[in-house]
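Assemble chain B onto chain A, guided by the hints.
Protein sequence lines, in the order shown, are assigned to chains A and B.
The opening position of the first sequence corresponds to residue 1 in the working numbering, with each subsequent residue numbered one higher.
The opening position of the second sequence corresponds to residue 1 in the working numbering, with each subsequent residue numbered one higher.
The hints are simulated quantities; they were obtained by calculation from the structure and are not laboratory data.
These numbers come from a predicted model, not from an experiment.
Heads up, some of the hints might be wrong.
Stated by the list, open to error - Facing chain B, from chain A, some residues (calculated, C-beta under 7 Å): (1) G25; (2) S106; (3) E108; (4) A116; (5) N121; (6) A195.
To be verified - Derived DMTMM-like pairs (lysine to aspartate or glutamate); straight-line CA-CA distance at most 25 Å: (7) B/K76 with A/E108; (8) A/K113 with B/D55; (9) B/K65 with B/E35; (10) A/K102 with B/D79; (11) B/K66 with B/E15; (12) A/K192 with B/E15; (13) B/K3 with B/E49; (14) A/K113 with B/E35; (15) A/K102 with B/E53.
Beta carbons are placed, not taken as given, at the ideal position from N, Cα and C, and that holds for glycine.
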Amino acid sequence: MSELLSIATIILAGLIHASLQLSLGSLLLLYHESTGKHIRTRTRNIVGSFISGVGIITFLLLSTACFIVLNLFHGVFSPEILAIIIGVLAALAIVMWFFYYKIGNSTELWIPKVVARFINNRAKVTKSNTEAFSLGVLTCFAEIPITIILLLITASSILELPVEYRALAVAAYTIVAIIPLVIFRLAIHSGKTVATVQKWRLRNKTFLRFISGLGFLILGLFIFSFKILGVCL
Amino acid sequence: MKKPHNYSSQALKKEILIHARSLRLAPKWAETIAEKTATAVEAWIRDREIVTEADIRRTAHKTLKKLHPDLAFVYKNYDKII
Numbered sequence: 001m002s003e004l005l006s007i008a009t010i011i012l013a014g015l016i017h018a019s020l021q022l023s024l025g026s027l028l029l030l031y032h033e034s035t036g037k038h039i040r041t042r043t044r045n046i047v048g049s050f051i052s053g054v055g056i057i058t059f060l061l062l063s064t065a066c067f068i069v070l071n072l073f074h075g076v077f078s079p080e081i082l083a084i085i086i087g088v089l090a091a092l093a094i095v096m097w098f099f100y101y102k103i104g105n106s107t108e109l110w111i112p113k114v115v116a117r118f119i120n121n122r123a124k125v126t127k128s129n130t131e132a133f134s135l136g137v138l139t140c141f142a143e144i145p146i147t148i149i150l151l152l153i154t155a156s157s158i159l160e161l162p163v164e165y166r167a168l169a170v171a172a173y174t175i176v177a178i179i180p181l182v183i184f185r186l187a188i189h190s191g192k193t194v195a196t197v198q199k200w201r202l203r204n205k206t207f208l209r210f211i212s213g214l215g216f217l218i219l220g221l222f223i224f225s226f227k228i229l230g231v232c233l
Numbered sequence: 001m002k003k004p005h006n007y008s009s010q011a012l013k014k015e016i017l018i019h020a021r022s023l024r025l026a027p028k029w030a031e032t033i034a035e036k037t038a039t040a041v042e043a044w045i046r047d048r049e050i051v052t053e054a055d056i057r058r059t060a061h062k063t064l065k066k067l068h069p070d071l072a073f074v075y076k077n078y079d080k081i082i
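Chain A with its partners taken away, still in its complex shape (with noise of 0.2 Å):
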C-alpha cells in the first residue's frame, strides 16, 4: 500500500507542476515569434526542441533532489520537516489563488521583471534549436522557487519505492509534468492558432489559479493524513 501512496503523490504533485503557467507561456511566445519569422519545419523543431529543454532538465532537476534527499535526509523526511513542507504547501496554495497571475485582463504572472523580460526578448530572437533548448532550460529555473517543493516531496517518495522503479518514477513525474506542452503542441498541429490558445487561457485563467491553489492544498493535506498522521490504507 505504501507504493500506492507514492505514485499516487507522485502524480499528484507532477499534476500541480503541469498546472504552472510559465512554461507554457513561454512556449506560446515562441512558438508565435517562430511562425512569424520562420517556415512550418523549423517551427516545429524550435517547439520539440524547447519542449526537450523543460522535459529533461525536469527529469534533472528531480534526480536531484532524489539525491540531495537520499543524502541529507537518508531518504525519509522527519515529521518536522514534513510539517515544514506542509506549511509552505498552503503557503504556495494561497500565493497561487492571489498572486501568481497580475491583477487585468492578461495572463501575466508575478516573476521578477528582469525575467520576464529576459524570457521575452530570448524568444524573440530564438531562431536555433540549441537556444529554443537553452530557454526550456531558463523557463524550468525561473520556476524553481516555486517547484523546489514539489520536487523534494517527489523525490521523497520516489525513494520510497523498490530500486528498480525509481528511474521509472522520474520519468513518469517528467511526463505528467510536460503534458501541457505537448498538448500545446498537438492543439498546433490540429490548426490551433496562438490567439486561440491565449484566448482559451485568458477565459480560463479563474480555473486554473484555482485548480493549482487547490492543487497545492491537496498535496499537503495528502502529506498530513498519511504521513504525520499515518492513516493507512
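Quick look at chain B alone, frame taken from chain A:
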C-alpha cells in the same frame, strides 16, 4: 524613459506581418492588412508633432480590430503572455 525616435511605418508593417504569419493568414491578405493599418496610423499622426508608442499601438489596434479581430487580439496581447 525611452529616447524619442522617428515613427517608422515599415517597422509597424513588419510587426503586423509577423503576427499575421503566426496566425497563418494568406500572405497577400496579411500585406493588405499591414498596409491599411500603416496608412491609418500615418493619417492619424500626420498633424501631430509628438505621439507616444502607446498612441500608435492604440490606433493600430483600432484599425486591426475592424480588419481581423484575432490579429488585433494578438497585436494587443502578445507582450502580456507571461
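Hint check results:
no.	hint	verdict
1	G25	holds, 4 Å
2	S106	holds, 4 Å
3	E108	holds, 5 Å
4	A116	holds, 6 Å
5	N121	violated, 11 Å
6	A195	holds, 4 Å
7	B/K76 with A/E108	holds, 13 Å
8	A/K113 with B/D55	holds, 23 Å
9	B/K65 with B/E35	holds, 14 Å
10	A/K102 with B/D79	holds, 13 Å
11	B/K66 with B/E15	holds, 18 Å
12	A/K192 with B/E15	holds, 21 Å
13	B/K3 with B/E49	holds, 15 Å
14	A/K113 with B/E35	violated, 34 Å
15	A/K102 with B/E53	holds, 23 Å
In this structure, the earlier hints numbered 5 and 14 are contradicted, and the remaining ones agree with it.
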